[in-house]
Amino acid sequence: MTSPAPLGDTALVEARASLHAVTWLVWAVAAAVTVQLAPNPAYVAVIVGIAALVVEVHGRDSAIARAFPAFVALGASFAIIRVVLTALTTHGVGSAVFTLPEAALPRLLGGFTVGGSVELPVVLQSAAEGFAIVGLVAVFGAFNAVVSHYELVQSSPRSFYEMGLAVTVALAFTPSTIAAVTATGLADRARTGGVAVRRGRVLRRALPVLESGMERAVALSESMDSRGFARLEPSRFEHVAAWCSLGALLAFGGAFVALVGRAGRAGTAFGVAGVVLLAIAITAASRATSRTRYRARRPRRLDWFVMGVSCAAPLTVAILAAVGDESLRWSATPLRWPTVNAGVVVATALLALPAALRPARAVTARPVVVARRPLQEPAR
Amino acid sequence: MSVLSYRGVGVAYPDAPPVLAEMDLEVSDGEILLLVGSSGAGKSTVLRCANGLVPHASGGRFSGDVVVGGRSTRQSRPRDLADVVGFVHQDPESQFVVDHVEADVAFVLENLGTDPAVMRRRVEEALDALGIAHLRDRSPATLSGGEQQRVAIAGALAAAPAVLVLDEPTSELDPQGAEDVLSAIARLNADLGTTILIAEHRLERAGVMADRAAILRRRNGGPARLDAVGPPATTLVDYDGAPTVTHLGALLGWDPLPLTVRAARAHVTNEPPLSRSEATDPPVAGERLCSATALEVARGGHTVVRVDRFELAEGEVVALLGRNGSGKSTLLQALAGLLPAERGRVRRETRISYVPQDPGTMLFRPTVRAELRETLRLLGREDDATDPAIDHWLGTLGLGDLAGRHPRTLSSGERQRAAIAAVGVGGATVLLLDEPTRGMDAESRTALEHAIRGHAGAGGAVVLATHDVELAARVATRAVVLGDGDVVAAGPAREVLAGSLFAPQTLRVLPPFLTVDEVATALARRRR
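Sequences listed follow chains B and Y, in order.
Take the first sequence: its position 122, counted from the start at 1, is 122 in our numbering, and no numbers get skipped.
Take the second sequence: its position 338, counted from the start at 1, is 338 in our numbering, and no numbers get skipped.
Be careful, since some hints might not be right.
What the hints assert, rightly or not - Have a look at the derived ranges for each label pair, beta carbon to beta carbon:
| no. | chain 1 | residue 1 | chain 2 | residue 2 | range |
| --- | --- | --- | --- | --- | --- |
| 1 | Y | GLY380 | B | VAL93 | 30 to 40 Å |
| 2 | B | ARG198 | Y | ALA524 | 40 to 50 Å |
| 3 | Y | GLY337 | B | ALA312 | 41 to 51 Å |
| 4 | Y | ARG377 | B | THR182 | 42 to 52 Å |
| 5 | Y | THR293 | B | ARG198 | 40 to 50 Å |
| 6 | B | LEU246 | Y | ARG405 | 41 to 51 Å |
| 7 | Y | GLU495 | B | GLY49 | 51 to 61 Å |
Keep in mind the hints are simulated off the structure, nothing from the lab.
Glycine included, each C-beta is placed from N, C-alpha and C at the ideal position.
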């Protein structure tokens, strides 16, 4: 059995605690904005590299953290599909690399030509745009890999708690659901002793997963109930919040209807009313709950520093864009190598600051301290 | 002083006969009360009454009163009782709310609105009490079953409840994980004085640590009653699910009846009751059904199993032993052709079917009988609604009375049997069973053993991957021990099991006898 952790251990964790969830949110938004402002493939490559580095250093021990390569692959496949579609439908920009048989679509489907000449500038241009999408997806994947979703939920306005909790529960359920899908496929093949039956296979494999999922959902709700979830009676504030939310919903609906009917003034009035009611609902709901937060952290000085430096990246790039930096965007006509401005690279590299920080124990992918006890073999 | 008291409690679920009637039980402060009974006897119902999950979450009719920490569950819902009753479920995986151990342990305290400073201390203490401080930053999904269950207990303990209620916390675990969980529970009681109400079937361990044991029995479909409440040593001895040594003691007329191997050996040192030559050996095997040579199987890019030679013949029952992750399931799946062999090959002379570890991955029809028919339908024997094989398999596995039930409403042992029947009905000569006794009670186990012997006796063969050496001792003719993917030991079951540190209980008390039945046969022969 493990000996109790010495008291000093706790202090150590506190001193080197991971970056705050809000810090990571700011970092991710800053990185995404930078990609938008400087979609030059050279700069995007820097950001993809930074995202991978940040995951490597700060990746958490969770399924979604291990899914970072899958995120990038997903982005890349999306980009490739986009390149193919664009190359097949855009013509007359530059010299053809090769020519495919072509077909004109009927007018109803847009009337454009599919196939024909595949042109180098078109391919490169859409590849560059696709790469910017890969950059955005990489940033999103990195954010999910390093952030504590539960801390993010706790840091959001309290009226969002239930909604956020549902998301974290879903995240916690994902790995086992994936495992269940694999296991069900195996069981289906095993049942007949090697005789493959294709008909009705989807249903045979989906039903056990769904039924097991239902069982687990019931068990989880009982577990939450047993652990006091939602035990406090709704207070006066919660009634206020509920009515205000309903009012806000109706007001936004009214605004939408008004805008469709081109009644601009009424639309604005409804919209403003909706915003006001929503604000009241959020404040009231936040007051209502008497839940407390475990180890609620405020962003520390280091967090503020990281947030500041992260925001400096898109700000610098925005200033350079305003001054008229030609290198930020790259165009395939006329065909030339992307130009690189050292200033933009330095600004982008600011986003790598978190990777330079020593990872806290709280976020290392393979906890070091486990070795106190002989490691259990993972189930194969 | 009583912390939890049941007074005249009766429960009937909607559209079902009463499960529990007029039950009285007092759980005193600081004790461990062990609740035993076969599956379906109503153990879960009794436990779920403790924090009001019955009737608040279950519905149905509820009579009598349960008072815990001075509050009645009639007025208080489970969530209102979260500070008095800590509740731990059977399935470790489905009770986590947050993908982070430490935050999950703190969940109950956040709901109770505990002061942050107090909360911080409580979480640290709960982590230490269960010995899981080193896991604090892990994701529960990446932990082993035993670790997950200890995290769940910490999550209940953090609120410092007056009583901790555990519903078969080790039934889904391997022996090592179960051992960790049970010793953690024993320590909580000994060091912190936590009152514990636990349903458990590993009696050789739980029976020793409990202060009192209560047996729940249902007779002829009537409501369950508490048959006996008292010290485990006297209460558990006439219970079906008692440890093997207890049955052995009863056979040899020992007094007092032992619950542990240690207690049983004390009787033997006085007078060895039987000579060593009186053990019989199992029948010889017949024709070869399946063989593998120089087999290597990989999973996720790593070679998981390396087996030089594996043969299976008619009439054989092979027990595949080894810790979690030693490659038992992988070998079975490779033999069944569900996983490709990286090197070497498997020769199958006949059809081989594999029964997966978790029956929930397979069963989806509305009744048990329909599950069996589904297999026949998949095999193209659609018209055989009255196939004699269906009734044969329902009969040998003792599922006759359960044929009309929905598989999801069965206990885990019954479900496991239903899965085995659903695969067996397909008519494969070789059956590969993966952990068939997980969560099984004595009755299910007996039915399973009967079916295994019957199948092997009728010219088939069975391979079981199991942690259960008692089962291996009772049914296996041969045993193979895997360690880290290699065959560590192989041979006749008696030889392999006898040389093991984890030998079955009878063998440790009366070598070379493997089972109580063997001892009984030898005794009968001597008397003749």
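Outcome of the hint check:
no. : hint                              : verdict
1   : GLY380(Y) - VAL93(B): 30 to 40 Å  : 59 Å, violated
2   : ARG198(B) - ALA524(Y): 40 to 50 Å : 56 Å, violated
3   : GLY337(Y) - ALA312(B): 41 to 51 Å : 60 Å, violated
4   : ARG377(Y) - THR182(B): 42 to 52 Å : 24 Å, violated
5   : THR293(Y) - ARG198(B): 40 to 50 Å : 32 Å, violated
6   : LEU246(B) - ARG405(Y): 41 to 51 Å : 45 Å, holds
7   : GLU495(Y) - GLY49(B): 51 to 61 Å  : 60 Å, holds
Violated hints for the displayed structure, listed by number in ascending order: 1, 2, 3, 4 and 5.
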